Amino acid sequence: MRNLILFFTRNYYFILFLALETFSIFLLIQHNHFQRAHFLNSSNALSGNIYETYSGITGYFGLKETNQKLASENAQLRNQLRQSHSYQSGLETTVRDPANKQQYIYISAKVVNNSTNRRNNYLTLNTGLKQGVKNGMAVISSDGIVGIVKDVSDNFCSVMSVLHKDARIPVAIKKYQENSILTWDGQDEWHAIMERVPSHIPLRKGDVIVTGAYSSIFPEGIMAGSIESFEKIAGNTFYNVTVKLSTNFNRLSYVNVVNNLQKEEQTKLEKSAQND
Amino acid sequence: MISDVIKNSIRFIFLVLFQVLILNNIQLSGYLNPFLYVLFILMLPFQTPKWLVLILAFIVGISVDMFSDTGGLHAAASVLMAFLRDPILRLISPREGYDPVQSPTIQQFGFGWFFSYAGVLIFAHHCTLFYLEAFYFTGFFSTLFRVILSSLFSLMLVFISQFFFSNPKS
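Quick note, the sequences are listed as chains Z and V, same order.
Residue numbers for the first sequence follow our numbering, so the first one is 20 and each next one is one higher.
Residue numbers for the second sequence follow our numbering, so the first one is 200 and each next one is one higher.
Worth flagging that the hints you see were computed from the coordinates, not collected in a lab.
Keep in mind that a hint or two might mislead.
[To be verified] Ranges between beta-carbon positions, derived for each pair:
| hint | chain 1 | residue 1 | chain 2 | residue 2 | range |
| --- | --- | --- | --- | --- | --- |
| 1 | V | Leu343 | Z | Arg223 | 40 to 46 Å |
| 2 | V | Ile209 | Z | Lys224 | 53 to 59 Å |
| 3 | Z | Asn267 | V | Lys206 | 43 to 49 Å |
| 4 | V | Leu290 | Z | Lys224 | 54 to 60 Å |
| 5 | V | Leu351 | Z | Asp207 | 25 to 31 Å |
[Stated by the list, open to error] Just so you have them, the derived chain Z footprint on chain V, three or more residues with Cβ under 8 Å:
| hint | segment |
| --- | --- |
| 6 | 245 to 255 |
| 7 | 273 to 279 |
[Claimed, not checked] Over the 12 Å line for every Cβ pair with chain Z, so calculated as not near, a few chain V residues:
| hint | residue |
| --- | --- |
| 8 | Val204 |
| 9 | Val215 |
| 10 | Ser360 |
The model shown is predicted, which means the values in this text are computed figures rather than measured ones.
Just so it is clear, CB atoms sit at the ideal spot from N, CA and C, and this is done for glycine as well.
All chains should be modelled from the sequences, with the hints used to inform the complete structure.
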């Protein structure tokens, strides 16, 4: 006991320093959501499970519950959106009841790991098979498209970001309903490109790009970005378009995984048509 | 002693207000953010107890934080800087030691001494501040660039202010 007191009186300076420093950093983390997300991220880089335990302990930061609540509420609201429902357009059905047939289910998830500075970027989410996530589902955030689920474990899934050389997202220029494919050239995390947009379309800077109707993964009309610049290739009738992405990939924290309930039916039909 | 307390209190209030009202609004470029309030920690008299330096640094940091809405960012950087103050002072102490009632000033100890004293502490402070702010090391060199430029700028301001805060005779 005396040794303990002696230890404290001898090292009071260092202990006081540690206490004040820890308190400051605690305040900083508690205050700033951005730092918080990164703090949790770096501690999670070791393994997803350590992260889970850790965030369980730091639950009292409060921010977590609030965010989660908002995210799941968002998912719930999206479930009720018109976009989530497919309509049987025909002479018989004239009533468009939103509760008629649901096509998309949104599962809220937290981004546990994320990269933007590599050529092929991936995200890790804290939802997996147990939460109903499967391969090939779309991932979107409140700002726009994020990526496509590539691998699923029990409680986690790995998402191929839009910032990936294999990512090919069917998109459309909202104003003209002109379909195209969005790819990433690896330049920076803010921009992607659309190739071979027919030059007869009167493109303008700022035109909104949304996900197209030809995608069996993404719901139609999800924000992707806006046109930043476009150039005509000499001797060609196409534009190469640079798109400013609407999603800030550096700041992703909560996202939605989109389950298309009619995807299987659609792809099955398309395959059988191809086989003919 | 009492006059020291009053003098440092006034300096505290002046520096915090000057920092949050004027310097924080200066946008020279993304790379230049001077932090003159560290001058308060630099200029505490030698006789200030070590633990008091830590606590005062924490208070000055948290005051700036409160105004600039940064949680405990400045407090963390200031406390680390205050912690380093004592070892640095001991490392570069002149042969005859310090006079406890005095403050570390450029007039007293000369340009070279003050440059190494303020330079090291300001660099440590800015390093902590900018890396905590960025919070990861992906932009390591651009952050380092910010640290170096801002440190030089703060150091320059500290040197200029030396001629305002202390009278040359003492």
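Evaluation of the provided hints:
{"no.": "1", "hint": "Leu343/V x Arg223/Z: 40 to 46 Å", "verdict": "holds (41 Å)"}
{"no.": "2", "hint": "Ile209/V x Lys224/Z: 53 to 59 Å", "verdict": "holds (55 Å)"}
{"no.": "3", "hint": "Asn267/Z x Lys206/V: 43 to 49 Å", "verdict": "holds (48 Å)"}
{"no.": "4", "hint": "Leu290/V x Lys224/Z: 54 to 60 Å", "verdict": "holds (59 Å)"}
{"no.": "5", "hint": "Leu351/V x Asp207/Z: 25 to 31 Å", "verdict": "holds (29 Å)"}
{"no.": "6", "hint": "245 to 255", "verdict": "holds (count 4)"}
{"no.": "7", "hint": "273 to 279", "verdict": "holds (count 4)"}
{"no.": "8", "hint": "Val204", "verdict": "holds (21 Å)"}
{"no.": "9", "hint": "Val215", "verdict": "holds (16 Å)"}
{"no.": "10", "hint": "Ser360", "verdict": "holds (25 Å)"}
In summary, the structure agrees with every hint in the numbered list given earlier.
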